[in-house]
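What follows is the residue order along each chain.
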Amino acid sequence: MKRSERMKAQSPPLREHGLTWLAIVVLGVGFAMALFYAETDQQGHVQRLFYIHMPSFFGALLAFSITVYASLRYLRSRDVKWDRLAVVGVEVGLLLALINLVTGAIWARPIWATWWNWDPRLTWDAIMILTYAAYGVLRGAIENVETRRRFAAVYGILAIFTAIMTLIIIRIRPDTMHPAVIGPSAQEARGSFDASPTMQITLLVNLLGWALLLPIVLMRWRYRLQQMSERLEQLRQQWFEA
Amino acid sequence: MRPFILLFLGWLCIWPVSAQEDADLIEIVVAENDLSIFHEALAETDWGLTLTQDGQFTVFAPTDEAFARAFERLETTKEDFFAHPDRLASLLSFHVVAGAMSLEELRGETSVMPYRRSSLVIDRQDDELLLNREARVLQGDLAASNGWLHIVDTVLLAPGEFAIEIADNLSFLVLGLAVVALLVSGYLSSLFWRWRLVNREIALLRSRIKEAARNDQSFRS
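The listed protein sequences derive, respectively, from chains C and B.
Basically the working numbering = 1-based index in the first sequence + 27.
Basically the working numbering = 1-based index in the second sequence + 34.
No lab work stands behind these hints, which were simulated from the structure alone.
Glycine included, C-beta positions come from ideal geometry on N, C-alpha and C.
Honestly, I wouldn't trust all of these hints.
Chain C stretches covered by chain B per the calculated footprint, using a threshold of three residues with CB under 8 Å from any CB of chain B [to be verified]:
1) 71-83
2) 156-162
Ranges of calculated distance between the beta carbons of each label pair, as one might list FRET restraints [claimed, not checked]:
3) B:Glu109 with C:Arg175: 35 to 43 Å
4) C:Phe188 with B:Ser241: 27 to 35 Å
5) C:Val164 with B:Leu225: 40 to 48 Å
Derived, one-sided and incomplete: chain B residues facing chain C with beta-carbon distance under 10 Å [to be verified]:
6) Lys112
7) Ala132
8) Leu204
9) Leu217
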C-alpha cells in the first residue's frame, strides 16, 4: 500500500473533521460573544467566566452519562467497544469538570472573597472529581482484563451519583452560597445576576459549544486513539508470537 | 467590718462593667475614641436609632483607620460615600447581626447572617477570630444593655461592594481564560502526541512483521 493510501485509510472520516470544525467555529463565536457581546452586571468582567464555567459542567455531565450508558451496554453484551467508550467518557468528563472547577474558583476569589470554601456545591464537585479520578486508578490496579472491565463498568455507573448530587445540591440545601442560574437561588447565595437577553443568547451558544459539541468531538478523537492503542497491543502480541 | 470592706472592694471591681452594661450600643461606640467614623455613619442612617433600642444585637465596629483604608480600596472619599445613605445603610447592615453573641459564642460558629442577607464567614487563626477572611477582632466583648460590640480592624465588605471595587479589573478574567486555555491545549497536545506515537509504532511493527514473514518464506523456500 502506498503512503498516501495508507494515510487515507488511517485518517478519520470526513464527517469527523466536519464536526471538529463546527465545534471550533461555535466555540470561537461563543468566546467572542462572551467577551464582546454579552453585558456584565456589577460583578464586572470576571462574570464572563460564567459562559465557560456552567456549560463545561454540563459537558462533563454529558460525558459521564455516556459512560453510564456504555457501562450498562458493556455489562449486557461484554463487547469491548462499550468499555472503550466508557473510558473515553470519564477522561473527557474529567477534563471538563476540571475546567468547571478552576473557572469557579477564579470567579469566587473576587465575588466570594475566597478561592475555595466547603460550600455544599463545591464539596460535592470535589467529591465528583476525585471519584472520577479514582476510576483511572481502579482500572490501573486490576490486572485481569475481564475483571477490570467489569469492575470499571459498575464503578462508572455508580459514580454518576456524585455528578447528580453536584447538580441538585443547590436545590436541596438552603445554606449554599452557590447561585442558581435556572430558578431562584438559595437565600444565602452570593453572586447571582439577572440574565439579560444578550447574556441568554451567549449562554445558549456556549452551551452548544462546551456542553455538546466539544465533549462529542473530544470523545470521538479519543475513541479512535483508544482503538489504535488496542490495535498496537494486538500487533505487539503478534510480533512476540512471531 | 472586714467582710464589708471586702464586699465594697469587690463591688468597686465590677462597677465599671455593670455601669457599661447599662449603656446601649451607641453609647459604647461614642465612648470609644477610635470609632468616630463608625458613629457618624450610624448617625446618618436608621441604625443610629435602632442600636439605642431594646433588642439584642452583635455589632462589628470598624476603626477609623479601617474606614480610611476601605475608602481607598473603593476609590472613594468619606464625603462621597456618606452622600449615598442607601449604600451606607447597606454597608452598616453587614456589620450588625441579630442576637447577642460574645466572642466565645462566635468562636463556635463558621458563619453568621448579618441583617444584610449575605453570610459573614468566621475563621479561627491562631486563637484569633477572622471575619470575612480579612477582619481581625481588635477588642471584643464590650457589653451593652442591648448586645455585644466587637471592634474590628477592617470594614466588612459584602460581595456587592467588593464587586464594585473590581468591576473594571480584567485580571481575574484573564487568569481564568489562561487556565482554561492551558487545560484544553494540554489535553489536545497529549492526544496529538499519543496519536503520533501510536501511529508510528503501528507502522514500525507492521513493517517488522512483514519483513519477518518475508524472511520466513525465503528461509522455507
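Quick rundown of the hints versus the structure:
1. With 6 residues carrying a beta carbon less than 8 Å from a beta carbon of chain B, the region 71-83 of chain C meets the three-residue requirement, and the given coverage holds.
2. Coverage of the region 156-162 of chain C by chain B is violated in this model, with 0 residues showing a Cβ closer than 8 Å to a Cβ of that chain against a need of three.
3. A hinted range of 35 to 43 Å is violated for the C-beta pair Glu109 of chain B and Arg175 of chain C, which are about 59 Å apart.
4. Separation of Phe188 of chain C from Ser241 of chain B is about 48 Å and departs from the stated range, judged on CB atoms against 27 to 35 Å.
5. Checking the proposed 40 to 48 Å range against Val164 of chain C and Leu225 of chain B shows it is violated: the Cβ atoms sit about 21 Å from each other.
6. At about 22 Å, the closest approach between the beta carbon of Lys112 of chain B and any beta carbon in chain C exceeds 10 Å, and the interface hint on this residue is violated.
7. Hint status for Ala132 of chain B: violated, given a least beta-carbon distance of 15 Å to chain C, over 10 Å.
8. At a threshold of 10 Å, the smallest CB-CB gap from Leu204 of chain B to chain C is about 5 Å, leaving the interface hint in force.
9. Taken as an interface hint, Leu217 of chain B checks out: its beta carbon lies about 6 Å from the nearest beta carbon of chain C, inside 10 Å.
Checked against the numbered hints given earlier, this structure breaks hints 2, 3, 4, 5, 6 and 7; the rest are met.
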